[in-house]
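> Each residue of the sequence shown is one higher than the one before, counting from 8 in my numbering.
What you were told as hints is all true, and nothing was included just to trick you.
Below, a list of computed lysine-lysine pairs in the DSS-like style, where the Cα atoms sit at most 25 Å apart:
{"no.": "1", "residue 1": "Lys519", "residue 2": "Lys202"}
{"no.": "2", "residue 1": "Lys110", "residue 2": "Lys85"}
{"no.": "3", "residue 1": "Lys512", "residue 2": "Lys360"}
{"no.": "4", "residue 1": "Lys509", "residue 2": "Lys495"}
{"no.": "5", "residue 1": "Lys525", "residue 2": "Lys495"}
{"no.": "6", "residue 1": "Lys84", "residue 2": "Lys99"}
{"no.": "7", "residue 1": "Lys244", "residue 2": "Lys195"}
{"no.": "8", "residue 1": "Lys180", "residue 2": "Lys349"}
{"no.": "9", "residue 1": "Lys110", "residue 2": "Lys134"}
{"no.": "10", "residue 1": "Lys360", "residue 2": "Lys329"}
{"no.": "11", "residue 1": "Lys349", "residue 2": "Lys203"}
{"no.": "12", "residue 1": "Lys90", "residue 2": "Lys43"}
{"no.": "13", "residue 1": "Lys327", "residue 2": "Lys180"}
{"no.": "14", "residue 1": "Lys202", "residue 2": "Lys180"}
{"no.": "15", "residue 1": "Lys443", "residue 2": "Lys409"}
{"no.": "16", "residue 1": "Lys244", "residue 2": "Lys203"}
{"no.": "17", "residue 1": "Lys180", "residue 2": "Lys203"}
{"no.": "18", "residue 1": "Lys203", "residue 2": "Lys519"}
{"no.": "19", "residue 1": "Lys360", "residue 2": "Lys349"}
{"no.": "20", "residue 1": "Lys203", "residue 2": "Lys242"}
{"no.": "21", "residue 1": "Lys512", "residue 2": "Lys349"}
{"no.": "22", "residue 1": "Lys495", "residue 2": "Lys357"}
{"no.": "23", "residue 1": "Lys509", "residue 2": "Lys347"}
{"no.": "24", "residue 1": "Lys409", "residue 2": "Lys450"}
{"no.": "25", "residue 1": "Lys509", "residue 2": "Lys525"}
{"no.": "26", "residue 1": "Lys347", "residue 2": "Lys512"}
{"no.": "27", "residue 1": "Lys84", "residue 2": "Lys43"}
{"no.": "28", "residue 1": "Lys180", "residue 2": "Lys195"}
{"no.": "29", "residue 1": "Lys416", "residue 2": "Lys450"}
{"no.": "30", "residue 1": "Lys202", "residue 2": "Lys186"}
{"no.": "31", "residue 1": "Lys203", "residue 2": "Lys475"}
{"no.": "32", "residue 1": "Lys244", "residue 2": "Lys186"}
Derived from the structure by calculation, the hints contain no laboratory data.
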Amino acid sequence: MNSPLDWDLGKPGLSFVLLTFIKHMKKLRYARYTRKSTDSEDKQVQSIDDQIREIQPEIDRRNLDVVITFEESMSAKKPGRPKFNEMMQMIKAGEIDGIVCWKLNRLARNPVDGGEIQWLLQQGILKSIVTPSREYLPSDNVLMMAVELGMANQFVLDLSKDVKRGLTTKNHKGWRPGKAPMGYINDKYGDKGNKKIYVDEEVFPLLRQVWDMLLTERYSIHELAKIATEQFGLKNKSGLGLHDSTLYGIFTNTFYYGEYTYAGDVFQGAHTPLITVEEFDRTQQILGKKGKPRPKNKRLPYNGIIDCGECGGMITTEDKRKVIKSTGEVRRYLYHRCTKRKSHVSCGQKPIKHEELTNQIDGYLEQITIPTEFLSWAIKCLRRENELQDNQRNRILLSQRKAYDLCLKRLSNLTTLYISPENIDRSLLNEDEFRKQKEEMRKEKLRLEQEIRKVESGADEWFELAEKTFNFATYARHHFEEGNFETKTNILRCLGSNFTLKDGKLSIELQKPFVTLKEGFESAPLKEYRLEPGKFALIEKKNSHLKAASELVSRYPGLNWRPHPYHGCALPTEL
8 MNSPLDWDLG KPGLSFVLLT FIKHMKKLRY ARYTRKSTDS EDKQVQSIDD
58 QIREIQPEID RRNLDVVITF EESMSAKKPG RPKFNEMMQM IKAGEIDGIV
108 CWKLNRLARN PVDGGEIQWL LQQGILKSIV TPSREYLPSD NVLMMAVELG
158 MANQFVLDLS KDVKRGLTTK NHKGWRPGKA PMGYINDKYG DKGNKKIYVD
208 EEVFPLLRQV WDMLLTERYS IHELAKIATE QFGLKNKSGL GLHDSTLYGI
258 FTNTFYYGEY TYAGDVFQGA HTPLITVEEF DRTQQILGKK GKPRPKNKRL
308 PYNGIIDCGE CGGMITTEDK RKVIKSTGEV RRYLYHRCTK RKSHVSCGQK
358 PIKHEELTNQ IDGYLEQITI PTEFLSWAIK CLRRENELQD NQRNRILLSQ
408 RKAYDLCLKR LSNLTTLYIS PENIDRSLLN EDEFRKQKEE MRKEKLRLEQ
458 EIRKVESGAD EWFELAEKTF NFATYARHHF EEGNFETKTN ILRCLGSNFT
508 LKDGKLSIEL QKPFVTLKEG FESAPLKEYR LEPGKFALIE KKNSHLKAAS
558 ELVSRYPGLN WRPHPYHGCA LPTEL
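Sequences are here, hints too, so could you generate the full structure?
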């Protein structure tokens, strides 16, 4: 007669249960795996230290035997992680029985690694995966595990699409992704996807001087690199002096004249250019290149700077050519239309001819155009006003410098009192009081220094901006009519911002100074004067004209202007 044990083993179901129990009686050997991605996909995911803090209580609670640990700082969006591969080899060799990790997405975000993990678990080669939330076993339903790993992979796919879409939009707005080249600084505080590139006020003019020296053809690259380092104090990204190769890279970078290449496409930058196209071509000739390395088919007017007023997409420019069969003549047609790339929004906007859009831009320019006679009179008024402002600024500077000197004296007296023999027992001024008062005075000193620099650096800023505004308003329309596509696009950028096209109508948010001009010239006296500029000689004899013009000019000092996007645009003498 068989024993009860023999009888139990004779039944397949009970035999499997018993064998499984016996296997689990043997303590499994685990590998602890933690991973932090170096890519943006995991910016919100806990760091490796945080993952360990989450995992350790589960290890202690289950009394897991962790025989080896793997830590990795590498993205899991594609196969090829060294530590992960090493762990997989140890599992296949029978040196490890299980894995303990924070979540399954730490193990895989791609179908290759995810499939390998599932297969090893189903085969029983990998006997357990433990996370703080649950344990995955060979006997489990594989569906939930497949769903979790699939979600991790889909996250990477969606993220890639979002990043590419964001970069495309940013490029069409004219802002190159990535770190700005020498002479420029990135916007650290702008909204994500809308961060701009600004001029580095210290490096930009020095780099322009270096470029001017090259254009004289009197200096070699090696000599210029030495001058830039020793005399101008320019340094590379590592904080060292400029090498010949660094300077050569700057002189061949199209970004400095306003264009850049990204992912194989050429974009018109919205940043302030350091040089002109002609100067760049001349530079390439000096360096031994042929010049003009720019693809002409990309240089289309207003391309990518206007938004669709219906769906928010970008307005692109299409260049179409048609052959007239009867004559063989090739005619060129330019259209501006919405890209309609926003799949979740239906857009019914129709294309608009290039001539129609150009006429509308010309209409905006007409609203701010002033006669040349008025320009010379306005500049004289501005210069007089600037002299009055200088007197006022000098009085402010004198007052601020007196306050600054007094602050330095108080700070010196405070230190003298603290270290004096009379205060050796700290009865007059203890350490806490000294530190508190010293910190307050230090902050006051920094504040006064900033105020002084602000007044000194901005002494002629409003006058320069006002003068450029009047110059632009006087000559921009002429250059717009006579200029090429690049000139027309630059003038449009200078005119305003938030360009939208809807139902064939262009809307522009004019820069604040141009709004001032537009409103001023809509007044009755100046409106009459603009229609009859020949009567300018009599303007000072006509009180109504003089009063209106004076009020218009007097608005400029009171605007407290800061640099506007058009500040660095090509002005009449440079167009």
